[in-house]
Amino acid sequence: MDVIRAGVSAFLLREQPFERFRFSRWQSRFVITLLGVLQGLAMHMHVHALKASDLALPTLWGKVVFGVLSTWVAFPIIHRACRWWLMRGERWDGKDDLFNLMAASWLLPFALLYGLYALGVPGTLLVPILIYAIWVNANAMSGAVPKATLGYSIAGIVNGLALIYVLLFGLAIVLAFIKLVLHSGGAMPSSAR
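In numbering that gives the first Met the number 0, the protein residues as written are 0 to 192.
Check each hint, because a few of them may be wrong.
Per label pair, the in silico range of CB-to-CB distance [unchecked claim]:
no. : residue 1 : residue 2 : range
1   : Pro121    : Asp1      : 28 to 38 Å
2   : Gly88     : Lys178    : 38 to 48 Å
3   : Phe29     : Leu125    : 20 to 30 Å
4   : Ser183    : Arg13     : 55 to 65 Å
5   : Val36     : Gly169    : 18 to 28 Å
6   : Asp95     : His182    : 49 to 59 Å
7   : Ala171    : Glu18     : 35 to 45 Å
8   : Leu179    : Leu11     : 45 to 55 Å
9   : Ser69     : Ala175    : 12 to 22 Å
10  : Val126    : Glu14     : 21 to 31 Å
11  : Met0      : Lys146    : 27 to 37 Å
12  : Leu59     : Pro145    : 37 to 47 Å
13  : Ser69     : Val157    : 12 to 22 Å
14  : Met44     : Gly88     : 36 to 46 Å
Quick caveat, the hints were computed from the structure, so don't treat them as lab data. Beta carbons: idealized from backbone N, C-alpha and C, even for Gly.
With the hints as constraints, model all of the structure from the sequences given.
Structure follows, in structure tokens:
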């Protein structure tokens, strides 16, 4: 599969033109789904998983479905943020396939990350691999888009991650409010007097 060849080259930090990422979109969709499955399996197998996640997602299938859905929510958000970021200042014309580039460059770093997490490696020891995953993705973007430097590409990825965290924070507030309403018997909480 071309996505694997491009992913290995990206993982080894080799610069590649956009032509290397011209492969069928189904390969990228397969990679994103595979990473979601690996994320779910890692959550299930990790012995130090958060107790809250065990309560919310008690089964293997629940965790796998959650992993696939969360990956499919995160990837397009980061993709759109990076696409917008690279098109700023006419650095990129937007004609080539950034979706395939990002999927290929995510493949090996995140597969390694989820594999080590599933084996019980503590999350704090995985931070360097997560940083390397961002570097791999940014290096692939800066190699394919000559006007985008490595630092500029990293900033685009960080913008996408920040957007995801803002959305997660908003979702957490909404869920906390729903929980508060449900625990108060369905009535709105009264104000303090």
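Tested hints:
| no. | hint | verdict |
| --- | --- | --- |
| 1 | Pro121 <-> Asp1: 28 to 38 Å | holds (35 Å) |
| 2 | Gly88 <-> Lys178: 38 to 48 Å | holds (44 Å) |
| 3 | Phe29 <-> Leu125: 20 to 30 Å | holds (24 Å) |
| 4 | Ser183 <-> Arg13: 55 to 65 Å | holds (57 Å) |
| 5 | Val36 <-> Gly169: 18 to 28 Å | holds (27 Å) |
| 6 | Asp95 <-> His182: 49 to 59 Å | holds (51 Å) |
| 7 | Ala171 <-> Glu18: 35 to 45 Å | holds (42 Å) |
| 8 | Leu179 <-> Leu11: 45 to 55 Å | holds (50 Å) |
| 9 | Ser69 <-> Ala175: 12 to 22 Å | holds (19 Å) |
| 10 | Val126 <-> Glu14: 21 to 31 Å | holds (26 Å) |
| 11 | Met0 <-> Lys146: 27 to 37 Å | holds (30 Å) |
| 12 | Leu59 <-> Pro145: 37 to 47 Å | holds (45 Å) |
| 13 | Ser69 <-> Val157: 12 to 22 Å | holds (19 Å) |
| 14 | Met44 <-> Gly88: 36 to 46 Å | holds (44 Å) |
Hint violations for this structure: none, all hints satisfied.
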